[in-house]
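Student: This is what each chain is made of:
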Amino acid sequence: MSGVASPRREAGVALVVAAVAALGFAGTFTFDEVPPALREGLGAAEFPRLICIVILALAALLALQEKRSEAAEPVPATGWWTFAACAGFLPVMAVIGMLPAMFLFVVAVGRLWGERRIALLLASGAGLVAAIWLVFVRVFAITLPAGWLGEQLLG
Amino acid sequence: MDAFLGGMATLGDPFILLMVVAGTLLGIVVGALPGISGSTTIALLLPFTIGLSPIAALAFMGSVYCAANFGGSITAIMVNAPGDPSASATAIEGYKLAQKGQAGVALGMSAVSSAIGGIVSVVVLIFAAPLLARAAYSFGPPEYFALAIFGLSMCAAIGGESRVKNLIAAAIGVLLATVGIDLTSGIDRFSFGITELSDGIDFVPVLIGLFAVSEMLEQATLRGVPATIIAYTSAKLPSWADFRKCNRSIWIGSGIGTFIGALPALGATTAALVGYAETRRWSKHKHEFGHGSLEGVAGPEAANNAAVGGSMVPTLALGVPGSATTAIILAGLMVQGVRPGPHLFTEQPTLLYAVFASMLAANLLYLVMGMGMAKIFARISLIPPTLLWPGVFVLSVIGAYGPNQAIGDVVVMLAAGVVGFLFRRHGFSPAPLIMGLVLGRMVEETLKQSMIIFDQSVAGFAGRPIALGLLLVTAIGLFGPALLRLVRRGVPA
Chain A
35 MSGVASPRRE AGVALVVAAV AALGFAGTFT FDEVPPALRE GLGAAEFPRL
85 ICIVILALAA LLALQEKRSE AAEPVPATGW WTFAACAGFL PVMAVIGMLP
135 AMFLFVVAVG RLWGERRIAL LLASGAGLVA AIWLVFVRVF AITLPAGWLG
185 EQLLG
Chain B
4 MDAFLGGMAT LGDPFILLMV VAGTLLGIVV GALPGISGST TIALLLPFTI
54 GLSPIAALAF MGSVYCAANF GGSITAIMVN APGDPSASAT AIEGYKLAQK
104 GQAGVALGMS AVSSAIGGIV SVVVLIFAAP LLARAAYSFG PPEYFALAIF
154 GLSMCAAIGG ESRVKNLIAA AIGVLLATVG IDLTSGIDRF SFGITELSDG
204 IDFVPVLIGL FAVSEMLEQA TLRGVPATII AYTSAKLPSW ADFRKCNRSI
254 WIGSGIGTFI GALPALGATT AALVGYAETR RWSKHKHEFG HGSLEGVAGP
304 EAANNAAVGG SMVPTLALGV PGSATTAIIL AGLMVQGVRP GPHLFTEQPT
354 LLYAVFASML AANLLYLVMG MGMAKIFARI SLIPPTLLWP GVFVLSVIGA
404 YGPNQAIGDV VVMLAAGVVG FLFRRHGFSP APLIMGLVLG RMVEETLKQS
454 MIIFDQSVAG FAGRPIALGL LLVTAIGLFG PALLRLVRRG VPA
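Chains as they are written, first to last, in our numbering: chain A, 35 to 189; chain B, 4 to 496.
There could be a bad hint or two in this list.
Claimed, not checked - Ranges between beta-carbon positions, derived for each pair:
1) B:Arg488 x A:Ala160: 57 to 63 Å
2) A:Ile176 x B:Val461: 46 to 52 Å
3) B:Leu186 x A:Val171: 33 to 39 Å
4) A:Ile87 x B:Ile469: 22 to 28 Å
5) B:Ile184 x A:Val171: 31 to 37 Å
6) B:Leu186 x A:Thr177: 31 to 37 Å
7) A:Arg172 x B:Ile469: 48 to 54 Å
8) A:Ala118 x B:Gly466: 56 to 62 Å
9) B:Gly15 x A:Leu84: 49 to 55 Å
10) B:Ile379 x A:Ala45: 48 to 54 Å
11) B:Val24 x A:Leu84: 43 to 49 Å
12) B:Gly466 x A:Leu84: 18 to 24 Å
13) B:Tyr140 x A:Val173: 40 to 46 Å
14) B:Glu199 x A:Arg150: 38 to 44 Å
As the list claims (entries may be wrong) - Now the stretches of chain B that chain A is said to cover, found in silico as 3 or more residues with beta-carbon under 8 Å:
15) 165-173
16) 181-194
17) 216-223
18) 388-397
19) 403-416
20) 450-460
Claimed, not checked - Stretches of chain A that chain B covers, calculated by requiring three or more beta carbons in the stretch to come under 8 Å of a beta carbon on chain B:
21) 82-95
22) 170-178
If you're looking for bench data, these hints aren't it; they were derived computationally from the structure. Ideal Cβ positions, reconstructed from N, Cα and C, are used throughout, including at glycine.
Model the full structure from these sequences, guided by the hints.
Tutor: Next up, the structure:
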């Protein structure tokens with residue numbers, strides 16, 4: 035045992051980058067054939083292929099690099115729940131509509147992040163939603179998704 | 004001259020003036036909010052500007068851009084939490100001054116040096132941009148291709164963890180720009196049968212996702228440190244003695260900021276850090292640095308605000324973004340159907356001079372607002388993140404949905420947010436990806452046109468001195484440092 039730790043490489047990240055480039059490269063073979071009359075010079079597939087090759091080369095360089103930063107801290111439970119709240123926003127919106135979903139998001143995520151003043155949270159959510167309604171629905175005349183519930187209630 | 008006066012006269016339009024005042028106020032407010040940078044704000048506001056005239060939209064975005072850099076310095080000085088990354092150098096000396104009870108003087112110097120830096124760079128912009136545009140009239144596709152490649156190569160130095168990672172992000176941006184129908188052959192690329200993707204990736208939801216949503220997800224993984232505000236009376240105008248002491252730093256910062264800003268991709272943060280280092284190098288009071296130096300506030304503040312005007316030079320004259328924020332502004336202009344470049348100076352000179360005028364006005368306005376309302380702005384940083392970030396997400400959703408009223412855009416925004424979060428977590432910066440996305444089409448189109456001009460021979464670039472020069476500079480910038488290291492290793496000490 036020499037006791038000297040080998041430098042940590044960026045191999046994992048480089049592998050993911052290379053996989054993205056390889057997928058992109060493979061994807062270019064799914065493009066339709068360029069009509070013969072337009073087949074002069076760089077076609078539709080050549081440029082993306084060139085970029086994929088550049089990315090592959092850069093990924094190889096990255097794999098040889100020493101990792102400079104410490105490994106990122108694991109994502110805490112709050113982070114995962116925030117991800118879930120973002121992912122769940124669309125299905126909730128489909129059911130209750132955009133504005134109520136926004137209100138729910140502000141209150142739920144605020145609480146999740148540690149806000150204990152419920153009245154403040156409710157007021158903040160309501161104020162924000164009211165401002166969005168005023169600007170977007172009343173001024174810009176944008177139709178926001180009403181959701182299944184909104185359609186049932188408002189027809 | 005008529006166009007210049009016409010541009011200045013647009014400030015007489017109450018609506019344009021309102022946009023400048025609103026943009027300046029909003030810029031200071033968001034600049035003071037830690038985590039919400041000028042680029043995040045402009046990305047969030049982009050959808051709201053689509054309904055405005057190009058002049059009003061540009062005046063608004065330009066004012067936000069100018070003021071956000073200054074706003075960042077308020078919280079950097081008062082709570083040691085730079086509201087904008089470009090204010091991180093200001094925090095080094097500014098917070099030390101605040102701890103010594105000189106917050107008011109530090110804030111005053113920050114406002115004055117920011118305004119001087121900003122005004123110097125706008126004056127340079129007024130004279131340099133038309134000259135650059137005139138020179139660019141002789142540019143053909145090979146020169147534009149070389150310029151775009153040079154701009155992308157500058158992403159390597161944009162900051163972040165690694166040059167290679169920055170270049171990878173830029174290349175992925177270019178690859179994303181190829182999504183949609185190829186303009187020369189009409190072939191659909193990477194759209195996987197999704198009709199919405201045939202028109203290419205929409206800038207707005209991607210920008211909002213990469214900057215705002217990813218930042219919120221990042222914040223969700225951090226443990227907050229409660230901020231404490233330092234008591235002070237108000238911002239003070241620097242005394243004549245203070246001003247004389249910092250005079251040299253302000254001019255050094257203004258020069259460095261304008262120059263770095265004018266280089267494609269490099270923006271206010273780089274300018275501020277270099278400005279701080281150079282201010283220290285040339286200071287006669289080096290011993291004060293690290294213990295609360297007023298020059299250490301003046302230099303970087305002048306630099307980061309000077310970078311704003313500087314970065315608008317290549318953006319407007321050549322269509323190549325000078326920074327991440329101007330890449331977003333450029334995307335906003337393209338969404339509005341305005342294509343920046345040399346022709347703008349002949350086709351829409353009033354638009355350009357109106358932008359210059361609004362930026363000048365914004366620089367003067369934030370000086371007045373900063374001096375008078377710094378105490379209020381500093382309190383903005385005390386808005387709890389538990390209320391702030393869920394609100395940012397909600398605004399992101401409406402910002403992505405609004406322009407096309409399409410749920411698909413919200414999905415794209417969420418996906419971009421996750422990509423941005425993973426990027427940040429693994430040491431990639433989202434800014435080069437945006438540069439790649441904005442410049443991607445230009446790179447491909449000009450390369451194809453160049454190859455047609457050169458009869459499909461790359462050797463044709465050798466006959467175009469400007470293009471060749473730019474490509475050589477790019478190669479030196481990319482490979483020079485590595486070659487130098489190799490040479491040094493080979494030379495015995």
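Student: For each hint, tell me whether it holds in the structure or not.
Tutor: Do the hints match the structure? See the list:
For Arg488 (chain B) and Ala160 (chain A), the hinted distance range of 57 to 63 Å is satisfied, since their beta carbons lie about 59 Å from each other. The supplied range of 46 to 52 Å is met by Ile176 (chain A) and Val461 (chain B), whose beta-carbon atoms lie about 49 Å from each other. Against the hinted window of 33 to 39 Å, the Cβ-Cβ separation of Leu186 (chain B) and Val171 (chain A) comes to about 37 Å, which satisfies the hint. For Ile87 (chain A) and Ile469 (chain B), the Cβ-Cβ distance of about 27 Å falls inside the hinted range of 22 to 28 Å, so the restraint holds.
For Ile184 (chain B) and Val171 (chain A), the hinted distance range of 31 to 37 Å is satisfied, since their beta carbons lie about 34 Å from each other. Taking the beta carbon of each, Leu186 (chain B) and Thr177 (chain A) are about 33 Å apart, inside 31 to 37 Å as hinted. Evaluation of the 48 to 54 Å hint for Arg172 (chain A) and Ile469 (chain B) yields a pass: the beta carbon distance comes to about 53 Å. Look at Ala118 (chain A) against Gly466 (chain B): about 59 Å separates their beta carbons, and that is inside 56 to 62 Å.
Our hint of 49 to 55 Å for Gly15 (chain B) and Leu84 (chain A) holds, since their Cβ atoms are close to 51 Å apart. A hinted range of 48 to 54 Å holds for the C-beta pair Ile379 (chain B) and Ala45 (chain A), which are about 50 Å apart. With their beta carbons about 47 Å apart, Val24 (chain B) and Leu84 (chain A) fall inside the hinted range of 43 to 49 Å. Here the CB-CB span from Gly466 (chain B) to Leu84 (chain A) is close to 22 Å, well matched to the stated 18 to 24 Å.
A C-beta distance of roughly 42 Å is found between Tyr140 (chain B) and Val173 (chain A), which places it inside the suggested range of 40 to 46 Å. At about 42 Å, the CB distance of Glu199 (chain B) to Arg150 (chain A) agrees with the hint of 38 to 44 Å. Coverage of the segment 165-173 of chain B by chain A holds [criterion: at least 3 residues with CB-CB distance below 8 Å; count 5]. Note: the segment 181-194 of chain B has 9 residues with beta-carbon separation from chain A under 8 Å; the three-residue rule is met and the coverage holds.
Counting residues of the segment 216-223 of chain B whose beta carbon lies closer than 8 Å to any beta carbon of chain A gives 4, which reaches the threshold of three, so the coverage claim holds. Remark: the segment 388-397 of chain B is confirmed as covered by chain A, as 8 of its residues place a Cβ nearer than 8 Å to a Cβ of that chain, reaching the required three. Only residues whose beta carbon comes within less than 8 Å of a beta carbon in chain A count, and the segment 403-416 of chain B has 6; three or more means the coverage holds. Against chain A, the segment 450-460 of chain B contributes 5 residues with a C-beta closer than 8 Å to a partner C-beta. That satisfies the three-residue criterion, and the hint holds.
Residue count for the segment 82-95 of chain A with a Cβ under 8 Å from a Cβ of chain B: 8. That meets the three needed, and the coverage hint holds. Counting residues of the segment 170-178 of chain A whose CB lies closer than 8 Å to any CB of chain B gives 5, which reaches the minimum of 3, so the coverage claim holds.
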